[in-house]
Amino acid sequence: MNVTSSKKSPLVWAVHISVVLLVALWLFPTVGLFVSSFRTADQIANTGWWASMFTQERQRPAIRLSGDEAQVDGEFVIEGRLFAADNVVISRWGVNSRDPEAYEPGEEADLGDGANLTIEANGAFRMSSPQSFGDGRLPRVFTTAEAPPEFTLQNYRFVLFDPNNREGMAKAFFNTMTVTIPATIIPIVIAAFAAYALAWMRFPGRSLLIAAVVGLLVVPLQLALIPLLKLHNDIGIGKGYLGVWLAHTGFGLPLAIYLLRNYMVGLPRDIIENARVDGATDFQIFVKIILPLSFPALASFAIFQFLWTWNDLLVALVFLIDSTGETTVMTKQIVELLGTRGGNWEILATSAFVSIAVPLVVFFAMQKYLVRGLLSGSVK
Amino acid sequence: MHPALQAVITIIVGVGGCVGYFYFSNQFLDRVLYPATGKNAGRNINRANQIRPWLFLFPALFALGLYLAYPVFATLWLSLTDRDQGGAFVGLANYQQMFREPKFWEAMSNNMLWLIVVPAMSTAIGLLAAQLTDRIKWGNIAKSLIFMPMAISFVGAAVIWKLVYDTRPANQEQIGVLNAVWLMFDGGFGSIVFLQIVPALLLAVFAAFLAWLVYQAVRPLVNAEIGHRKAPWWFTPLRLFFAIVAVWLIWLSLGSILSVFSARLPYGQPQTWLTMPFWNSFFLMAVLVWIQTGFAMVILSAAIRGIPEETIEAAVIDGANPFQIFFKIKVPQIMGTIVVVWTTITIVVLKVFDIVFAMTNGQWQTQVLANYMYDKLFRANDWGVGSASAMIIMLLVTPILAWNVYNARKETR
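Chains A and B supply the protein sequences, listed in that same order. Here the working numbering is used: position 370 in the first sequence is 370, and no number is missing along the way. Here the working numbering is used: position 6 in the second sequence is 6, and no number is missing along the way.
Keep in mind the hints are simulated off the structure, nothing from the lab. Note that the structure is a prediction, hence the values are computed from the model and not measured. All C-beta atoms in this analysis are idealised placements derived from N, C-alpha and C, irrespective of residue type, glycine included. Mixed in with the good hints there might be a few duds.
What the hints assert, rightly or not - Label-pair restraints from in silico Cβ distances:
| no. | chain 1 | residue 1 | chain 2 | residue 2 | range |
| --- | --- | --- | --- | --- | --- |
| 1 | B | Phe261 | A | Ala84 | 53 to 61 Å |
| 2 | A | Ala84 | B | Gln6 | 42 to 50 Å |
| 3 | B | Val181 | A | Ala41 | 56 to 64 Å |
| 4 | A | Asp234 | B | Gly17 | 17 to 25 Å |
| 5 | B | Val181 | A | Val20 | 12 to 20 Å |
| 6 | A | Ala41 | B | Ala170 | 20 to 28 Å |
| 7 | B | Met276 | A | Glu326 | 55 to 63 Å |
| 8 | B | Met276 | A | Asn96 | 52 to 60 Å |
| 9 | A | Asn96 | B | Leu265 | 34 to 42 Å |
| 10 | A | Ala41 | B | Gly20 | 25 to 33 Å |
| 11 | A | Ser207 | B | Phe261 | 53 to 61 Å |
Said to hold, decoys possible - Using 27 Å as the maximum straight-line C-alpha spacing, the simulated DSSO-like pairs for lysine-lysine come out as follows:
| no. | chain 1 | residue 1 | chain 2 | residue 2 |
| --- | --- | --- | --- | --- |
| 12 | A | Lys171 | A | Lys239 |
| 13 | A | Lys368 | B | Lys137 |
| 14 | A | Lys230 | B | Lys351 |
| 15 | B | Lys137 | B | Lys351 |
| 16 | A | Lys368 | A | Lys288 |
| 17 | B | Lys103 | B | Lys328 |
| 18 | B | Lys137 | A | Lys239 |
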């Protein structure tokens with residue numbers, strides 16, 4: 001026995017390390033987006049997000065000096081600070097783009113015409129000259145500075161709460177919510193009754209209907225787009241919330257019926273037959289016995305349908321969003337941003353994260369039911 | 001009216017309407033139509049019980065019929081008519097027009113590539129993850145983290161991966177991980193190991209696996225005694241088909257091994273990954289693999305848990321090593337589940353739309369069928385060709401549909 005365990009331990013270590021690597025690989029992209037949503041546009045454009053966790057020494061973009069002139073001892077002096085943050089440590093600096101690391105902190109640079117510039121390590125500068133600087137532009141300085149990690153909530157403020165931001169996510173967020181909640185609840189009610197009939201009532205053609213539901217489970221909804229849009233236009237619903245609720249209900253039903261029926265069939269027969277003997281009607285049995293017992297299955301389908309409607313793009317594009325764009329949902333909004341703001345990662349990352357956040361919370365809170373639903377949905 | 005208010009009203013009307021419908025229709029059946037009293041009480045109860053299932057089923061059947069069954073036929077009809085001619089019947093003209101378009105064939109061949117790569121990769125990595133996390137203490141945490149992308153929308157995933165694939169000019173610092181990693185290779189020893197030897201080895205393993213599959217598929221045909229049960233007649237062509245596909249894939253992977261060693265890679269230059277023809281499709285597929293692996297893992301891990309402990313113990317006593325236990329004891333026992341996972345992911349792949357739509361919109365030769373169809377329907381406004389391509393997707397799904405229905409019938413019988 002000792003031989004096997006000592007032979008096994010390197011393998012156990014290999015397993016642990018492989019799992020760590022796999023998990024890291026799977027998390028890395030998402031973490032990248034998450035971290036980026038807390039960085040400023042400038043930070044994102046200049047360094048990879050993975051560098052943002054550490055104090056890093058890097059060349060910063062040129063800063064043009066500014067400040068009010070004061071007359072001290074016959075000299076004209078401008079004093080000020082380069083950075084708003086006070087935890088920046090400058091290691092080298094310069095006044096010429098060809099030699100941005102010419103000086104050490106505290107050294108004095110000759111700007112010509114008798115003017116001098118000194119920059120301290122903490123970013124405080126002092127510029128002095130025998131003549132007035134006048135209204136001319138002050139020189140630019142280049143700095144190489146160590147900056148500690150720095151994160152901001154500014155992006156979220158801009159994306160969610162800025163009333164002047166026409167591409168904001170606040171409206172799209174509420175629209176998505178408006179689509180999702182009825183589209184999750186209504187199919188559950190309809191499917192629960194149908195699943196009960198398919199599981200516990202005897203009638204001719206039952207197994208045929210079950211087979212039909214299984215078949216419809218895989219019918220691509222792409223086929224439904226044009227005929228149903230036409231139908232919606234013909235009966236006067238057009239593009240709008242009602243249409244998208246109905247469409248999601250229709251598309252979600254096969255899975256709902258399938259999951260719920262599979263679950264209900266497994267409920268103990270005795271309970272239902274005892275209730276029948278006691279004179280309960282099918283409606284009473286369904287409401288008082290089956291529904292409470294089926295809660296896990298109802299919850300799993302609810303999560304599926306919620307994730308699917310929240311994350312959906314195609315159904316919303318076809319059945320909901322009209323030319324005014326008043327009813328745009330978050331997925332659509334992000335696709336628009338990818339087109340118009342492809343390089344503005346701070347906005348993209350933040351908007352994407354706003355739309356991802358709710359499903360992630362639901363996912364982690366109710367993972368148990370999700371897994372249970374998946375298992376009863378696909379494992380025979 | 002404010003949409004939120006409208007939503008609340010819809011929920012109340014929808015849910016209340018459903019419950020009300022079920023309650024009152026049952027009441028009507030029991031009290032008015034066939035009351036369980038009087039001299040016909042027994043007959044009435046029987047009749048009511050014959051009708052009741054249909055009361056329960058009616059709303060669901062109506063919605064299923066209208067939203068899923070009817071569109072199949074309507075789309076079939078649309079694909080045979082021409083909207084510009086007032087919906088006149090034009091036979092297969094739309095299909096002919098579609099088959100003449102190179103973009104359609106591009107979408108078709110890309111879709112085939114997706115159909116091979118994504119289910120294979122997701123299932124393989126999912127199986128690996130399921131096996132690795134099976135016996136370790138923090139396995140559940142690891143699993144839920146790998147499973148997490150499942151909750152992220154395809155559009156959100158597209159943004160996440162666009163950041164990974166981002167490209168900056170050569171003189172700037174790269175902010176996309178892939179380019180940052182790529183620029184660390186300089187053509188030295190490390191590059192040869194990671195970019196030539198490792199991929200070549202992986203391809204060789206893949207080819208060996210395929211060769212094993214060919215062997216498994218052809219063996220019963222050569223040696224009739226191995227097939228224990230009498231297999232249906234269509235197993236023979238099916239086996240031959242799989243064998244031919246696998247041989248073709250072996251040929252491809254051997255060719256790729258050669259090209260891995262002969263290729264001259266542009267070291268030191270940042271790449272725009274999403275515009276490289278052919279390879280960009282793989283970068284899009286990576287997104288779907290990333291999402292679907294968790295699904296495969298969860299289901300396969302449950303299947304692995306369900307394997308009877310005795311079979312594994314017996315193998316251990318017989319001196320099997322962990323790899324033998326995995327490949328010879330565990331995998332054969334969960335083969336059924338692997339097939340289910342594979343087909344489920346296949347269906348997802350056939351419908352994949354959002355990823356391509358958001359990341360490349362079918363440019364740079366990344367078109368897939370679902371996006372091609374969307375293009376035709378809503379950009380070109382060509383309902384005929386759009387419906388025809390939707391029918392192609394339906395056609396590709398049909399074998400899986402038939403297989404699922406066949407299994408369901410077998411079960412309920």
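TODO: Check the following: the C-beta atoms of Met276 of chain B and Glu326 of chain A are separated by a distance inside 55 to 63 Å.
DONE: Because 39 Å falls outside the window, the suggested range is violated.
- [ ] For the pair supplied as a hint, Lys368 of chain A and Lys288 of chain A, confirm whether the alpha-carbon distance does not exceed 27 Å.
- [x] Holds, at roughly 25 Å.
TODO: For the range 53 to 61 Å, tell me whether the beta carbons of Ser207 of chain A and Phe261 of chain B fit it or not.
DONE: Holds - the Cβ-Cβ distance for Ser207 of chain A and Phe261 of chain B, about 58 Å, lies within 53 to 61 Å.
Task: Holds or violated: Lys137 of chain B to Lys351 of chain B, with C-alpha atoms at most 27 Å apart - done: Cα-Cα ~37 Å, so violated.
TODO: Just tell me: holds or violated, for the beta carbon distance of Asn96 of chain A and Leu265 of chain B against 34 to 42 Å?
DONE: Once the Cβ atoms are compared, 38 Å apart, the range 34 to 42 Å for Leu265 of chain B and Asn96 of chain A holds.
- [ ] Take a quick look at whether Lys230 of chain A and Lys351 of chain B sit within 27 Å of each other, Cα to Cα.
- [x] holds, 21 Å
Open item on the list: Does the beta carbon distance between Ala84 of chain A and Gln6 of chain B stay inside 42 to 50 Å, or does it fall outside?
Closed with: For Ala84 of chain A and Gln6 of chain B the Cβ distance comes to about 46 Å; the hint holds.
Task: CB-CB spacing for Asn96 of chain A and Met276 of chain B relative to the 52 to 60 Å hint - done: violated, 40 Å
Task: 56 to 64 Å as the expected CB spacing between Ala41 of chain A and Val181 of chain B, which holds or is violated - done: Once the Cβ atoms are compared, 24 Å apart, the range 56 to 64 Å for Ala41 of chain A and Val181 of chain B is violated.
Open item on the list: Looking only at beta-carbon atoms, does the pair Ala41 of chain A, Ala170 of chain B fall within the given range of 20 to 28 Å?
Closed with: Cβ of Ala41 of chain A to Cβ of Ala170 of chain B: about 21 Å, so the range 20 to 28 Å holds.
Open item on the list: For a C-alpha distance cap of 27 Å, please report whether Lys137 of chain B and Lys239 of chain A respect it.
Closed with: This hinted pair is violated, its Cα atoms lying about 51 Å apart.
Open item on the list: So if I understand the rule, the pair passes when the alpha-carbon distance is 27 Å or less; does Lys171 of chain A with Lys239 of chain A pass?
Closed with: holds, 18 Å
In terms of the numbered hints stated before, the structure departs from hints 3, 7, 8, 10, 15, 17, 18, listed from lowest to highest.
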